[in-house]
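Visitor: Here is what each chain is made of, one letter per residue.
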Amino acid sequence: MLRSQLLKFSKRFMATATQDSKKELEEITKSWASNSKSDSFKIKYQQSRRAVLNGVGPYGPPSLRSRRAKLQYMSPLGLDEAFDSAYEILKTKSNETYKEIEELDTKISQTKNVNELEELNNLKNSKLVQAEIDNPEVRFNFTYHDKINNDSSIIDYNEPVYRELKKKHWEDYSQMLLMQRLEQLGAIPDTLPTLNPRAEILVKFLNHTTINRWIEPGKLLPTNATSYPPSFKIQEYENVDPKKQLYTVLVVNPDVPDLENDSFKTYLHWGLSNIKLSNFNENFIGPKQILENKEINEIIDYLPPVPEKNIPTQRFITWVFRQPESISINLKNRDFDIRSFVEDHGLDAIGGHIWRSEWDSSVAKVRELYGLPKGTVYHRVRK
Amino acid sequence: MFSQKLVSQGNIRLFSTSSAAAGRVGCSLVKPVHHLIKIDKNKLSPRFPELNLEKNDIRNPGFRPVATHQDRVAEHYTNTLQSDLLLMNFQHNQRRKEGLKRRQWDGSSPNHPSRTLRKPKGSEVETPDIKIYTDKNIPIIESITLNCYTKLAKDNANHAISAALQLQQITNCKPKPLHSRKDVIAWGVRRGWLMGAKVELKGRPLSQFLSTLTEIVFPRIREFKGLSSRAGDKTGNLSMGLTHEEISFFPEIESNQDQWSKTYGMHINIKTTAQTDTEARRLLSAYGFPIHGTERKNAF
Amino acid sequence: MLRSSAKSSIQTLSRGFLSAEQIPSKSGPIQFVRGKRTKKVSSISPQTQKIITQLSVLSARKKVPRVLKLSNEDLVRHDAVQRAWGVYQKDKRIKNKSDLAKQYEAMNNAMTDLKSTNRELYDLANVREVNKKFPLEFRIPTHFPPNKVWYYDYVPKDETKTTKEN
Numbered sequence: 001m002l003r004s005q006l007l008k009f010s011k012r013f014m015a016t017a018t019q020d021s022k023k024e025l026e027e028i029t030k031s032w033a034s035n036s037k038s039d040s041f042k043i044k045y046q047q048s049r050r051a052v053l054n055g056v057g058p059y060g061p062p063s064l065r066s067r068r069a070k071l072q073y074m075s076p077l078g079l080d081e082a083f084d085s086a087y088e089i090l091k092t093k094s095n096e097t098y099k100e101i102e103e104l105d106t107k108i109s110q111t112k113n114v115n116e117l118e119e120l121n122n123l124k125n126s127k128l129v130q131a132e133i134d135n136p137e138v139r140f141n142f143t144y145h146d147k148i149n150n151d152s153s154i155i156d157y158n159e160p161v162y163r164e165l166k167k168k169h170w171e172d173y174s175q176m177l178l179m180q181r182l183e184q185l186g187a188i189p190d191t192l193p194t195l196n197p198r199a200e201i202l203v204k205f206l207n208h209t210t211i212n213r214w215i216e217p218g219k220l221l222p223t224n225a226t227s228y229p230p231s232f233k234i235q236e237y238e239n240v241d242p243k244k245q246l247y248t249v250l251v252v253n254p255d256v257p258d259l260e261n262d263s264f265k266t267y268l269h270w271g272l273s274n275i276k277l278s279n280f281n282e283n284f285i286g287p288k289q290i291l292e293n294k295e296i297n298e299i300i301d302y303l304p305p306v307p308e309k310n311i312p313t314q315r316f317i318t319w320v321f322r323q324p325e326s327i328s329i330n331l332k333n334r335d336f337d338i339r340s341f342v343e344d345h346g347l348d349a350i351g352g353h354i355w356r357s358e359w360d361s362s363v364a365k366v367r368e369l370y371g372l373p374k375g376t377v378y379h380r381v382r383k
Numbered sequence: 001m002f003s004q005k006l007v008s009q010g011n012i013r014l015f016s017t018s019s020a021a022a023g024r025v026g027c028s029l030v031k032p033v034h035h036l037i038k039i040d041k042n043k044l045s046p047r048f049p050e051l052n053l054e055k056n057d058i059r060n061p062g063f064r065p066v067a068t069h070q071d072r073v074a075e076h077y078t079n080t081l082q083s084d085l086l087l088m089n090f091q092h093n094q095r096r097k098e099g100l101k102r103r104q105w106d107g108s109s110p111n112h113p114s115r116t117l118r119k120p121k122g123s124e125v126e127t128p129d130i131k132i133y134t135d136k137n138i139p140i141i142e143s144i145t146l147n148c149y150t151k152l153a154k155d156n157a158n159h160a161i162s163a164a165l166q167l168q169q170i171t172n173c174k175p176k177p178l179h180s181r182k183d184v185i186a187w188g189v190r191r192g193w194l195m196g197a198k199v200e201l202k203g204r205p206l207s208q209f210l211s212t213l214t215e216i217v218f219p220r221i222r223e224f225k226g227l228s229s230r231a232g233d234k235t236g237n238l239s240m241g242l243t244h245e246e247i248s249f250f251p252e253i254e255s256n257q258d259q260w261s262k263t264y265g266m267h268i269n270i271k272t273t274a275q276t277d278t279e280a281r282r283l284l285s286a287y288g289f290p291i292h293g294t295e296r297k298n299a300f
Numbered sequence: 001m002l003r004s005s006a007k008s009s010i011q012t013l014s015r016g017f018l019s020a021e022q023i024p025s026k027s028g029p030i031q032f033v034r035g036k037r038t039k040k041v042s043s044i045s046p047q048t049q050k051i052i053t054q055l056s057v058l059s060a061r062k063k064v065p066r067v068l069k070l071s072n073e074d075l076v077r078h079d080a081v082q083r084a085w086g087v088y089q090k091d092k093r094i095k096n097k098s099d100l101a102k103q104y105e106a107m108n109n110a111m112t113d114l115k116s117t118n119r120e121l122y123d124l125a126n127v128r129e130v131n132k133k134f135p136l137e138f139r140i141p142t143h144f145p146p147n148k149v150w151y152y153d154y155v156p157k158d159e160t161k162t163t164k165e166n
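As given, the protein sequences belong to chains R, U and E, one line each in that order. My numbering applies: residue 1 is where the first sequence begins, and numbers increase by one. My numbering applies: residue 1 is where the second sequence begins, and numbers increase by one. My numbering applies: residue 1 is where the third sequence begins, and numbers increase by one.
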């Protein structure tokens with residue numbers, strides 16, 4: 001083992017002495033199509049950029065942490081030459097696409113028909129994706145950086161490429177997980193009949209330190225954690241205009257015991273309307289945004305989950321809708337028929353989320369905090 | 001039949017499956033789904049994350065490098081054969097020639113309406129239509145299946161293993177075991193016995209096999225006449241056989257002959273997209289397959 | 001059990017070739033005795049040994065190379081190479097298809113023209129030649145020329161023979 005390692009090391013240092021030493025200091029001469037101008041299409045960290053475009057130099061890849069691993073690392077043979085010609089091929093393709101986009105732009109400026117214009121805009125969007133999706137720097141940026149709490153100078157969701165990449169990433173896991181949970185927990189036919197997900201909805205409870213992270217759909221949360229209103233992130237993937245589009249968020253609980261009818265009824269725990277996202281990156285709706293933004297209408301104030309003892313697990317389903325026009329109603333009664341509400345206001349469900357709650361020892365404290373009456377304790381009754 | 005009749009009554013709503021007739025429950029036990037998202041459970045599972053990567057990703061353990069060398073047989077096809085075949089098959093103002101189809105009964109018997117349709121004229125089975133030859137349906141060899149069923153394996157299963165290895169050596173592809181399907185008393189074979197192996201070749205292994213066969217094996221077979229002009233299944237799939245002596249002409253076997261005390265003959269089934277056998281033979285002749293005899297008179 | 005027990009010892013070896021459910025059950029369980037010598041004193045006959053070797057050649061074990069471990073940078077570079085290869089192949093395919101479409105169109109146009117100018121020639125040109133094949137001398141190009149490059153005194157096979165048979 002020692003001998004082979006020694007050989008490797010010596011190889012590396014030999015290379016350092018001769019030609020590879022140039023590589024580390026070499027200027028980056030490669031550049032993608034001249035029309036790709038966004039900063040997010042470049043790798044921010046210069047050493048990584050050099051390693052991706054010029055090849056891994058004698059001091060090893062910057063992505064490896066330890067010095068030992070860096071020195072031991074050998075790039076596969078022939079990759080450098082292959083990459084250079086591959087980059088040229090991909091770049092010329094991208095240039096061609098950008099030329100098509102320029103032609104499309106002139107077409108767009110001439111057309112006045114609304115439908116035609118929308119079609120052309122969608123086409124342009126797909127061309128913009130096509131022009132950048134093979135860019136190695138874009139791929140590097142997307143693969144190795146935080147996709148949810150994104151730095152907009154690295155992953156900029158205002159660029160259609162990154163939206164497309166994120167959409168694929170979402171469809172590969174999170175979307176399937178959400179739909180599976182909604183179906184398994186019966187949220188889909190119990191609240192709304194179905195969901196055609198087009199946007200990713202992420203939910204977080206900021207106040208609670210232990211679960212200050214995005215909540216997995218279907219998770220059973222302690223009452224303590226949900227005592228203050230949740231924050232949302234609405235990640236749109238479709239080509240909507242974020243400056244005009246308004247959103248409604250409803251948090252409903254379809255499992256409230258209805259003793260009179262010996263059944264269950266739906267409560268509206270929280271409702272927000274007229275939410276506007278300034279762009280595809282700034283789409284977080286937390287307490288700060290709600291306080292500052294006067295346009296947001298609170299349909300009903302937040303009632304935390306305070307399940308009574310011995311009742312089944314309560315489902316709290318968050319629904320997010322695109323709204324056709326502004327909604328400025330305020331409700332007093334929590335009894336809620338979500339289907340008729342959606343129909344009345346012409347809402348279009350684009351995404352959802354679900355968490356569950358159960359009675360626990362902190363329920364009493366939360367009830368006290370909100371000035372709610374003491375909860376009942378249900379017992380089994382022999383029929 | 002039973003359930004179909006019930007469905008056709010119209011007043012009762014029934015499920016259009018035959019499971020009720022088979023004595024099983026007549027409705028689905030699978031819960032309905034309320035959305036259109038297809039869920040891949042493998043992707044949701046935390047186990048084996050590498051296997052969820054694409055098949056051409058080098059991090060996937062199932063990755064196999066494909067384009068490792070030039071495929072001169074495939075290149076020959078695209079560079080030369082395709083346009084030649086287009087020209088050879090072309091006919092101006094060609095019309096779609098309808099194949100043999102099942103015929104209506106003449107209605108002379110009251111049982112005719114419920115009877116299955118009459119057999120096609122001059123054939124046991126229906127034959128497909130012959131479509132117009134265009135640039136979209138130029139024939140190509142889709143796959144070659146090598147089928148090595150050895151009689152010796154009924155007495156000793158080891159022969160089947162050797163036959164499989166022989167196939168692997170020749171083709172460089174993993175063969176699949178071949179079992180006898182039925183009890184055949186005359187052959188002394190029981191159902192489920194391991195009798196040999198088969199392998200389906202596509203892509204580069206196909207090219208490799210084809211060039212070995214036509215350039216090395218065929219020229220060395222004594223008094224080899226080639227493919228018969230009368231063979232084929234009428235829809236462009238041809239087959240031929242190699243005896244166990246001819247197998248030893250494959251360089252992989254020949255170079256190691258002392259290890260191969262016994263070789264096994266095999267069937268070569270060539271699946272093409274040609275519409276007729278004549279067309280398929282024309283395609284094969286381009287790869288150096290000798291063809292003997294003349295075409296049938298009514299060949300298209 | 002379909003076979004006599006004499007063959008069963010081999011059949012258990014063929015696990016690599018057969019799928020699990022197809023293996024006939026063994027006559028008895030393997031008993032492990034602590035302290036017993038596990039090294040075999042060549043109790044296997046040479047024929048059996050040969051089959052074992054053959055099975056090991058068939059099995060995929062040890063043939064799967066270890067997964068390459070690349071750094072993030074090199075993975076992206078490798079991915080770019082693969083994408084470029086895909087783009088190159090796709091371009092080639094598209095060009096080939098359009099060439100064939102053009103050829104077909106040209107043939108069609110030529111025949112239409114011929115039909116309007118000379119019906120006789122048209123009928124001759126449109127005859128379907130059932131026996132038309134590629135000549136046996138036709139070769140798939142190789143990387144290197146053959147030892148004898150050109151047959152100067154080559155006479156093609158008499159084709160009248162085959163037409164007579166027709």
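Bear in mind the hints are in silico, worked out from the structure with no lab data behind them. From a predicted model like this one, the values you see are computed outputs, not experimental measurements. Check each hint, because a few of them may be wrong.
[Stated by the list, open to error] Simulated pairs of lysine-lysine, PhoX-like, Cα-Cα distance not exceeding 20 Å:
| id | chain 1 | residue 1 | chain 2 | residue 2 |
| --- | --- | --- | --- | --- |
| 1 | R | LYS93 | E | LYS92 |
| 2 | U | LYS225 | E | LYS132 |
| 3 | E | LYS102 | U | LYS136 |
| 4 | U | LYS262 | E | LYS115 |
| 5 | R | LYS219 | R | LYS166 |
| 6 | R | LYS276 | R | LYS233 |
| 7 | R | LYS167 | U | LYS38 |
| 8 | U | LYS41 | R | LYS219 |
Visitor: Hints first: check each against the structure and report whether it holds.
Guide: Status of the hints after comparison with the structure:
Simply put, R/LYS93 and E/LYS92 have alpha-carbon atoms about 14 Å apart, close enough for the 20 Å limit, and the pair holds. With a CA separation close to 18 Å, the supplied pair U/LYS225 and E/LYS132 stays within the 20 Å bound. Of the supplied pair hints, the one linking E/LYS102 and U/LYS136 holds, its CA atoms being roughly 12 Å apart against a limit of 20 Å. About 62 Å separates the Cα atoms of U/LYS262 and E/LYS115, which puts this hinted pair outside 20 Å; it is violated.
For the hint pairing R/LYS219 with R/LYS166, the CA-to-CA distance comes to about 23 Å; that exceeds 20 Å, so the pair is violated. Simply put, R/LYS276 and R/LYS233 have alpha-carbon atoms about 12 Å apart, close enough for the 20 Å limit, and the pair holds. Taking the CA atoms of R/LYS167 and U/LYS38, the gap is near 15 Å; set against the 20 Å cutoff, the hint holds. Between U/LYS41 and R/LYS219 the alpha-carbon distance is near 18 Å, which keeps this suggested pair within the 20 Å criterion.
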